[in-house]
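Engineer: Fit chain X to the known structure of chain S by using the hints.
There are 2 protein chains.
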Amino acid sequence: MIGRLNHVAIAVPDLEAASAQYRDTLGAVVRPPQDEPDHGVTVVFIELPNTKIELLYPLGENSPIAGFLEKNPAGGIHHICYEVEDILAARDRLKASGARVLGSGEPKIGAHGKPVLFLHPKDFNGCLVELEQV
Amino acid sequence: MIGRLNHVAIAVPDLEAASAQYRDTLGAVVRPPQDEPDHGVTVVFIELPNTKIELLYPLGENSPIAGFLEKNPAGGIHHICYEVEDILAARDRLKASGARVLGSGEPKIGAHGKPVLFLHPKDFNGCLVELEQV
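First to last, the sequence lines map onto chains S and X. Going by the UniProt record's numbering, the first sequence opens with residue 1, and the numbers climb by one from there. Going by the UniProt record's numbering, the second sequence opens with residue 1, and the numbers climb by one from there.
No false leads were mixed into what you were given.
Facing chain S, a subset of chain X residues (Cβ under 10 Å, in silico):
id, residue
1, Ile-2
2, Arg-4
3, Val-12
4, Ala-17
5, Tyr-22
6, Lys-52
7, Ile-80
8, Arg-93
9, Gly-126
10, Val-129
Calculated cross-link-like contacts (lysine to aspartate or glutamate; reagent style DMTMM-like; alpha-carbon spacing at most 20 Å):
id, chain 1, residue 1, chain 2, residue 2
11, S, Lys-114, S, Asp-35
12, S, Lys-122, X, Asp-14
13, X, Lys-71, S, Asp-123
14, X, Lys-95, S, Asp-24
15, S, Lys-122, X, Glu-16
16, S, Lys-52, X, Glu-85
17, X, Lys-71, X, Asp-14
18, X, Lys-52, X, Glu-16
19, X, Lys-108, X, Glu-85
20, X, Lys-52, S, Glu-85
21, S, Lys-95, S, Glu-106
22, X, Lys-108, X, Asp-35
23, S, Lys-52, X, Glu-47
24, X, Lys-114, X, Glu-130
25, S, Lys-71, X, Asp-123
26, S, Lys-122, X, Glu-70
27, X, Lys-52, S, Glu-130
28, S, Lys-114, S, Glu-36
29, S, Lys-114, S, Glu-47
30, X, Lys-108, X, Glu-36
31, X, Lys-122, X, Asp-92
32, S, Lys-108, S, Asp-86
33, S, Lys-52, X, Glu-130
34, X, Lys-71, X, Glu-61
35, X, Lys-122, S, Glu-16
36, X, Lys-52, S, Glu-47
37, X, Lys-71, S, Glu-70
38, X, Lys-122, S, Glu-70
39, X, Lys-95, X, Asp-123
40, X, Lys-122, S, Asp-24
Simulated from the structure, these hints should not be mistaken for lab results. Backbone N, C-alpha and C fix where the C-beta goes; we use that ideal spot for every residue, glycine too.
Isolated chain S, as found in the complex:
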């Protein structure tokens, strides 16, 4: 069911410093920051040959990243995203297995403009898992 690893998302306390480190020290391709007000984050995409790293920084009130950075002031891996072909079929299969889908259970449009869902970390080895329909 799951396909490619679409991205690994890392919450960072200093977006400029983290971008400079990936660009200058690690020598990666780093895109300019993008504000995503609907998701409460500013995102910097790092393009690796086979997948992406997303650096996440809080934007506005009630950012989903703010609480994470309070608990993890140095930053940390926030979630991983797997691609699926049919997000509703994936959701129904997961729910039938007893896994909990976060929020209303209906897909939202994610930062890439595609339908996404998040799964409960307690059901997936402590990892917040995003599914994105591609």
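Structural biologist: Then chain X, alone, in the frame of chain S:
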């Protein structure tokens, strides 16, 4: 400098349950467990089309995963691994930038039989980063 994301490593409290979940619920290709006594882990590789997930479970005394699971009983993402072409050149560039290399600073042979180094999480946004020479 960094190339592909080689893998994301997830420490899990129940290797059999986590393997079954990735195979049966998420429909991924899951390989049989491999004991890696030199690294104090039993590993299950999950092969995605573009990268791998490594499920890690403690093996023997002094496993590097045991303390992580004590702090994170549900499991969690333990590290991410980037590929590099020349691990000694990568190490020297990182050290020159002020980043700390864990252990002796000399590459060890990792679970894939290739030279690896680990970088200090405090220098990389709270993420434990492995570099593997490919």
